[in-house]
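Engineer: Protein sequences, first through last, are from chains A and B.
When the first sequence is numbered by our numbering, its final residue is 207 and no position is left out of the sequence of numbers.
When the second sequence is numbered by our numbering, its final residue is 91 and no position is left out of the sequence of numbers.
Keep in mind that the hints were calculated from the coordinates and are not lab data.
Mixed in with the good hints there might be a few duds.
[Said to hold, decoys possible] Using 20 Å as the maximum straight-line C-alpha spacing, the simulated DMTMM-like pairs for lysine to aspartate or glutamate come out as follows:
#1 67/B x 168/A
#2 53/B x 168/A
#3 69/B x 168/A
[To be verified] Among chain B residues calculated to face chain A with C-beta under 10 Å, some are:
#4 18
#5 27
#6 29
#7 47
#8 48
#9 53
#10 54
#11 56
#12 59
#13 71
#14 74
#15 83
#16 84
[To be verified] Counterexamples of contact, computed for chain A against chain B with all Cβ distances above 12 Å:
#17 19
#18 23
#19 41
#20 107
#21 111
#22 113
#23 115
Idealized CB from N, CA, C, for every residue including glycine.
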Amino acid sequence: MARMKFICDAERCIECNGCVTACKNEHEVPWGVNRRRLVTVNDGKPGERSISVACMHCTDAPCMAVCPTDCFYKTDEGVVLHDKDLCIGCGYCFYACPFGAPQFPQAGAFGLRGKMDKCTFCAGGPEVNNSEAEFKKYGRNRLAEGKLPACAEMCSTKALLAGDGEIIASIYRQRAQTRKKGEEVWGWAMAYKMDGKIAPLGVKS
Amino acid sequence: MSRRIAVAVASALALSLGACSEIDQTAKSEKIYAGKKDERAADGANFGGDKKKWEATLAQRNNSQNEYLRTDTKK
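Using the sequences and the accompanying hints, generate a full structural model.
Structural biologist: Okay, here's the thing in structure tokens:
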């Protein structure tokens with residue numbers, strides 16, 4: 003069973019915003035809502051790094067835990083989705099999410115907040131696959147078409163990888179071992195200030 | 017005495033093997049999804065419920081993200 007994940011290779015990301023544009027275009031996301039965005043660390047300084055961030059489709063998603071209407075669910079592939087018919091736009095998920103993934107359209111009067119919108123891993127939502135209703139509410143369902151998320155497939159440097167966690171982790175590992183650097187930029191070593199190196203292919207670290 | 021040693025060895029073996037199992041990663045939440053049921057990705061017009069075919073198509077797409085495979089470059 004595939005477990006869908008994203009990895010962004012900070013050594014390759016050139017901050018072109020192609021992934022952001024691809025996402026907005028693919029799903030016709032309204033003005034003010036950004037399902038994906040770029041975060042740059044040490045912007046303008048030598049050695050700056052950028053990563054593309056969206057919903058990380060957490061294994062134990064905090065948005066699911068805090069939702070008062072229980073509108074979140076997880077697909078067989080580990081993609082976290084929600085039912086917009088149930089969402090009341092309370093914003094609890096926004097406060098719970100460590101990645102700022104939930105977005106709220108605010109085009110109405112008096113700062114009215116609409117129903118939550120977030121990255122769907124291009125898997126649509128609880129409507130008939132590839133139907134008009136699904137597209138209007140959640141955007142295109144590329145997974146049902148046998149395709150990967152548009153952001154990753156559009157990425158010119160293939161910095162953003164999407165798909166089965168096992169496969170994309172092995173792609174990233176092979177890259178880091180081939181170029182002999184970059185493994186410290188993204189992952190456990192960076193998060194926990196470790197000096198450890200990535201284990202060779204086939205060996206679990 | 018030898019029985020105690022045998023029990024201790026058996027317990028140690030059982031404990032050491034216990035660490036080999038994969039930790040369950042499913043979310044332990046009391047929450048139950050209250051919304052509409054979603055179709056599986058393999059269902060629908062494109063794959064007609066053939067999960068194997070869908071997984072194979074997706075795996076092919078997945079691996080095409082690897083330039084080392086795509087360009088047939090040896091590491």
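Engineer: Enumerate the violated hints, using their earlier numbering and listing them in ascending order.
Structural biologist: Hint check: 2, 4, 5 and 6 fail, others pass.
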